[in-house]
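All chains, full assembly: derive it from the sequences and hints.
Those protein sequences? They're chains A and B, same order as listed.
First residue of the first sequence? That's 1 in UniProt numbering, and the numbers climb one at a time after it.
First residue of the second sequence? That's 1 in UniProt numbering, and the numbers climb one at a time after it.
It cannot be assumed that every hint is accurate.
If several chains are the same, the list does not tell them apart, and a pair holds so long as it fits within one copy or across any two.
In silico lysine-lysine, DSSO-like type, Cα no more than 30 Å apart, as pairs [what the hints assert, rightly or not]:
id, residue 1, residue 2
1, Lys462, Lys418
2, Lys678, Lys528
3, Lys539, Lys298
4, Lys134, Lys301
5, Lys228, Lys582
6, Lys597, Lys569
FYI, nobody ran anything at the bench for these hints, they're computed from the structure.
Below, each chain spelled out in residue letters.
Protein chains: 2
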Amino acid sequence: MSEPDKKEITPEEAPENGKGIRNSGNASETGNRKTKGDFDLAAVYVSDAQYNRNIFFDTTPQAIRLYLLYNHWGLQILVYAFILVDLALAIFEDPAVVPLPIWVTSVIELVCLAAFTARLVHYAKVIPRERFWKDPKNICIFAIILLSLVDMIIYGALKASGFYAVRWSRVLRPLLLVNITEGRQLRRAFRSIRNALPQILYVFLLFMFSVLMFSLMALKLFGKRGLKTIEGRPYFTNYLEIVFDLYVLVTTANSPDIMMPAYNFSVYFAVFFITYILINTYIFMSVFLAVVYNNYKKYLKEEVRKLVRAKRHKMVRAFGVLQERKGEGEPVVSQACWNQLVRLVQPDISNAHRELLWSVSDDNNKGCIGKVAFVQLADLLNIQVIMMKSRPHPLKTWLPSLYLSSPSRLVCRMVQHKAFMYTYDLIILVNAVFIGLDEEDPLIANVEWAFLVLYLLEILLKLYSFEPRAFFSRHQFWNWFDTIIVITALIAMIINSALKLCYTSRQILDIVFILRILRLIRVVDNIKRFRAIINTLIKIGPTILTFGQLIVVVYYIFAMVGMELFKGKIRFFEANSTDPDKAFCGNPLLKNSVFAKHNYCKNNFNNVVSSFILLLELTVVNQCGFTAVTHISARMFFVLFHIVVVIIIINIFIAFVLEAFFVEYTVDQSNLQSSLEKKIEELELGLSACFLPGYKTVDGLLQRMFEADLDPEDFADDEDFDPNNPSNLNFPNPNFDSV
Amino acid sequence: MSEPDKKEITPEEAPENGKGIRNSGNASETGNRKTKGDFDLAAVYVSDAQYNRNIFFDTTPQAIRLYLLYNHWGLQILVYAFILVDLALAIFEDPAVVPLPIWVTSVIELVCLAAFTARLVHYAKVIPRERFWKDPKNICIFAIILLSLVDMIIYGALKASGFYAVRWSRVLRPLLLVNITEGRQLRRAFRSIRNALPQILYVFLLFMFSVLMFSLMALKLFGKRGLKTIEGRPYFTNYLEIVFDLYVLVTTANSPDIMMPAYNFSVYFAVFFITYILINTYIFMSVFLAVVYNNYKKYLKEEVRKLVRAKRHKMVRAFGVLQERKGEGEPVVSQACWNQLVRLVQPDISNAHRELLWSVSDDNNKGCIGKVAFVQLADLLNIQVIMMKSRPHPLKTWLPSLYLSSPSRLVCRMVQHKAFMYTYDLIILVNAVFIGLDEEDPLIANVEWAFLVLYLLEILLKLYSFEPRAFFSRHQFWNWFDTIIVITALIAMIINSALKLCYTSRQILDIVFILRILRLIRVVDNIKRFRAIINTLIKIGPTILTFGQLIVVVYYIFAMVGMELFKGKIRFFEANSTDPDKAFCGNPLLKNSVFAKHNYCKNNFNNVVSSFILLLELTVVNQCGFTAVTHISARMFFVLFHIVVVIIIINIFIAFVLEAFFVEYTVDQSNLQSSLEKKIEELELGLSACFLPGYKTVDGLLQRMFEADLDPEDFADDEDFDPNNPSNLNFPNPNFDSV
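Here it is, written out as C-alpha cells:
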C-alpha cells in the first residue's frame, strides 16, 4: 500500500510561494503590451507542443478560436464515438449478429458520414486552403466518405432490384481511425511499419525460399511413398499443399500432426522435420523479430526526433509572441505573462503546481525566463505531478477530543503498522481457499459474508486512520480498486441473497465470483518486486492501446473480407440440436474432418463477433481447417493474415514491450523529472509530488525511450542548460534562429 | 560469387616485407638472452589469452610441457569423443534402440570413465594441488565418475539378483560436457542463466499467480454448468486440471480446443479466454523474453568483462617474460622475440601474415613494441586473415600460347561477366521447375543429366578462367559447396542408373533428390541482400553450437528421467500391424483419446531417440496428451520442461539472435580489424585480407557484441592507443601494474 507522504507545510504557508501568488494577481499590469489574441496564439502553440499536434492553422484571431474549438475534448470524443458507431454497424448489417432493416443501418451510417464531413469542413476552416488539399489524410477521409456513399447507393439499388451485392466500402471504415487528426499515434505506427517493410521483405523472401526448398524436398522424399494422413488423404503429393502445410508448421499449429505419417514410416524422416523447425521456426522467426524490432525502432526514433524538433519550434514561436526586451539583454518572458499563459493552456492547474513549474524554469529567481527555460514548458506540463495538501483528518477537526484520545491513536498506529497489512494478506489467502471450495455448502456461503465484513472493516479502519481525501486521491489506484470491488461485491451479494429467495440467478452469481477473485489480486501489490513489474506494465499501458487500435484496424479489414469470402460456409448448431448436419457443421465437405470432430463449428465468419474471435484464434495458433470448404486459394487469406498480424504486428508489440522494459531497467528519470523533484525538495513544499507511472501522453514515453539515442542537437538545449549557470543560454540548434 | 581480389604485387616482391622476412631468420641471435623455456611459457600465456583459457598452471618447464600436451587438439577431440560415446550408450542400454548385452555397455562405460579419470589426473599434474581441489568442476567430474561406478555396481548387483533397478547415474552424464575444461562456453551460459534466475523467478511467480487466479475464475464460472469436453469428460471441474489446462493454453498447444466448450455455450465466455491469452500469452511471454534477455545479457557482459581483463593479464605476463630494457626507456619486446613467439603459438601462420601483424603492432617501424602493442597480439591472432597470393593460372605457365590466345581470353572474359552468373541463375530456376515435375517421365530423367552436364561445365569454365588454388581456397564456401554437391550428385546418379538396371534403390534416389535441391540454394548467394542476412546467420553459427550443447544437456537429462517414468506406457505398432491394441497405442487408458486418434503412438519415451524427438515436439508445441497414462503428477515433468526449455533457454536463444543482428546493424568492424585493413592498404600487400564472417573463437563475437557496453577501463588501452602518436602509451588499467 503506498500511502500519501505527509508534510506539515502547505504551499499557502510557504513564504517563497506566497509572493509568487500575489504577483500573479497583477499579471495584466506587467504584461499590458500583449493583447488577448497574443495570449490565445501562444497558448495554442504551447498546447500543440504539449500534445505534439502538428497543424498549420491560420493565425487570425477567428481561426484560432475555431482551432481551439476543433481541439476541444468534447468534439474529439464525439468523433471517436461516431467512428465507434460506424464500426459497430457491422454487428447489425448482413451477416448480422442482431439483424436490423437495411434502412436503419443506412440512416445511421449517413449520420456518421455527415458528422465526419462536418469535422472535415471544420478542419478546412482552421488551416489554409492550399494546405488542406495537400494533406493526404484529408483526401483519404474525403475519399472514404465519398466511396461509402457510392457503395451505399449501388448496394441499395442492387438489393432493391434483387441482385447480389457486396458492401465493399466497409473495409474502408477502420481507415478513418488512422486518418482523423487525433490518430497521430496510429499514423506514426503505420508509417514506421511501412518504412520497415523493405527490410522485412528481404527476410521474408529468404524465408519463403527456404520453405519452398523444403517443400520441394518433401515432395521428392514423401510424395512417392504412398503415405496417408490420419484423415486418409494422400500425404505430401501436391506441391502447393506441401508449401501451405509447411508454412502452417512454422506457426506450430499442425505440429506434430504433419510429421506423424513420415515419422511413423521411418524414424530418419524426423530429421527432415527437425531441421525444418530449427531453421524456419526458430532461426527465421527470431530473425523476423530482430529485423522488425531494429527497423521499427529506427524509424520510430526518427519520428520522435522530428517530433521533438517540431515541439521546440512551436515553443519558440510561442516565446516569440510573448517575448519582451529588457534593455540590452536577451528577450525574456515575464512571470506574469507566463502565469497567464499557463492558466490559458491548462485552466485546471493548481496555483502550487504552477508555482513549482515556474520555480523550476526560473531557477535564479530573476522574475523572468529566457528562451531555453521557456521551451521546457511543454515537457514540464507533461510531467504528472500530484499536488497533495496534507490536511488534518476531518474527525480531528470535528471531534478532536475523541480522535486524539489514546485508544483512537492506538487504532491509527495499528492500522499503519506492517502487521495490519500482513494480517489482511493472510485473510485474503484464507479467503482464496474458501473460494475454491464448493460454494453451495451453506457454511461456506456464510463464511463469505464474514470475509466481506472483514474487507469492509479494513476500508473503514483505513479511512479512520488516513485522511479520506488523500486515501481517495486520483493516483491511489489500489485504494479505489479495493473499495469499488468490495462495495460492488456487497451490492451483488445482497441482490443475490434477495433473489435466492425466489430463484438463483447465474449471471449475478458469476459477477459475485469474479469480484471475489479480483479482490485477491491485491496481494500482489504488497510485494515490492511484483509491484515494480506491474508498474512497468501499467506504464506501457497507453502505448498498448495504440497497438490495440492497430490490431482493430487490421482485424476489422480481415473480418470484412473474411465475412464476404466465408460467411454461411459453416454453421453452428446449439448443443441440444438434433439436426443431422450438426456432425459436419452443416457443410458436407467437412464430413469426417478434424475440424468437425473437434467441434470447431462456432469458429466461423458468419458474423462480425465470431469473425473477431476467430481472427484472435488465428493469431494465437493459425489453425485454418475450414479452408476445406472453399477454393484452395482462400488459404492465401490465412497466410496473409499470419504475415501481417503475427510476423509484423505481434513482433512490433514484443519489440515494444522489450524496449519499455529495457528503459525501465536502465534509465531512471528524465532530466526534467529529476530537476522537478530536486526543486520540490529544495522548496520544502508541503506536497508530495508523485511522478505517476505513465505519462500524460504516449509521446512522453516514446521520447524518454529514445532520449539516449537522439541526436545531441535535439537535446542540446536541455543538456547545455545548467540551472546554476545561466550564462550559457545559447541556442546551438539552427532551427530556432529561423523564427 | 565472391571472387578473389587480384593484385599484382606478391608479398615476396614487396620490398618492405622482404626485409622483415630476412630479419626473422636471425631471431635466435637478437633474442639470445631468452631461453627456450621462456618462449614456451610466453607462448602458453599468449595461447591461453587467445582462447580465453583461465588455468593456473605450474610454471615449471615440465608442467608447461604437460600443459601444452593437455591443450593439444588431439587430446581435446579425444575427450569429446569419449563423452559422445558415453552419451550414446543410452542408445544401447535398456530401454534400447539397438539392445546390447549389459556387459558390453558396462565395459564401454568403464573405458570412458577411465579416459575421464586419466584426463583428470593429467589436469591435476598441470595445476597446483591446492588449486585442483578448490575447483568445483574437478570435484564435479570426480563425483560423476564415482557415482557412475557406484551406480553400475548397484545396478549390476540388483539385476543379477533379479530386482528392479534404475540406472540413475545416466542423468549425470551430460554434466561432463559442462565440467570438462573445454566446456567454458557452456559453463558461462549456465552461470549466466543461474545469475538471471532470481529475476526470472519473480516474473514467473507473478505469471503463476495470474494463471492460478484465472483458474479459480474458470472453476467458478464453468464448473457448475455441466459442460463436457469433446472427449466427453466434465469440463473445468477440477482446480488442478484447470491450472494445467490453462498453463498449456499459454503454450498455445490446446488452443482453441480448451475454449470451445465454453464458447459453444455462450459467446460471452470467449471474453474470459481472450483476456487470458492477452495477459498470459502475449504480455507475460514478452515480459519473460525481456527479463531473460536483459538479465542474461547483463551477466554475460560481466563475464566478458572479466574475460577481457584476464586476457590482458595473461598477455602482460607473457610480456613480462619476454621484455627487455633498451637503456632508460620503457621495457619492449624485439621483433625477433615476437616472431619466435608467434611461430610457437601458431606454427601454421604464414610469413606474410606474421609480417602484417607485426606491422600493425609496430606502426612506426621501431623494430620493437611496447606493452600496449604487445597486448593486442591475442586479439590480432583471433582475426581471421586469408592470405592469398595472386598466382598466375597454371595453364598460363604450362601452355602460355594457348591460354593467352584471343579465343581463350574471350572465354575468360565471358565467364567473369555478370551475364554468365545470371544465365546460371536462370538455369537453376528452370532446373527447379523440372525437379518439381514427375521424375518417372523418361524425358525429365534425361533432362536432369543435361542439367548436371551444365553444372559441371560451369565449374570447369570457372576453373579455367580463375586460378584453381584461389577458387578452392578455404574461405570460398560456395565454390566448395557447388563442387561437392555437383560431384556427389554425379556419382549418386551414376550409381542409381547402374542399379536401376536391376532394381530401384529408394535411398540412393532420396540422396539424389536432396542433392539436386540443395544445388538450388546457390541462387540465394548471388543476391546481395540475402547474402548479408546469411552471413550474419553464419557468424552466429558457432554460438548457436553452444546453445546446441546447452539443449543437449537439458534434453538428455529430461530424456533419462522421462524414460524411467514413461517407458513402455505407450507402444507403437507398424502400419501393417493387425494387433487390436493398435487403436489405443497398446494402453487401454488411451481408448478414444485424441492422442490415439491422431496416431501419436510413436511419440513416446520408449528409447532415447524417440525421447529426443518427443522432447523437440514438446519444445515446439507442448502437447502432452499421454499424461493420461500415468499419475497426474507426471504433468509436473512437462511443466518443468516447458519452463526450463521454452521460457528460459529458447528465450535466451532468441535474445542472442536479436543481439547478434543488432550488432550487425550497428557496429561495423572492431578497432583492430580496421587498423589491420588500413595497414593492408598502406603496405599495398599483394594479398586480399578477407575478414571472414565468423571469429576463430566464440568469445571474439561475444567481446565484439559487448564492446560498446564494456567499461572504458577495459578498453582504455585500445582507445588511448593512437598508432600515430606513441607518446601516450600509458596503462591506465591498474590491473597491469600488479604484474
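Hints, one by one, checked against the model:
1. Lys462 - Lys418: Result: close within a single copy only, 13 Å intra versus 81 Å inter.
2. Lys678 - Lys528: within (25 Å within a copy, 54 Å between copies)
3. Lys539 - Lys298: both (22 Å within a copy, 23 Å between copies)
4. Lys134 - Lys301: Answer is within: at 25 Å inside a copy they meet the 30 Å cutoff, but 51 Å across does not.
5. Lys228 - Lys582: Close inside one copy (27 Å) and across copies (17 Å); limit 30 Å.
6. Lys597 - Lys569: Close inside one copy (17 Å) and across copies (26 Å); limit 30 Å.
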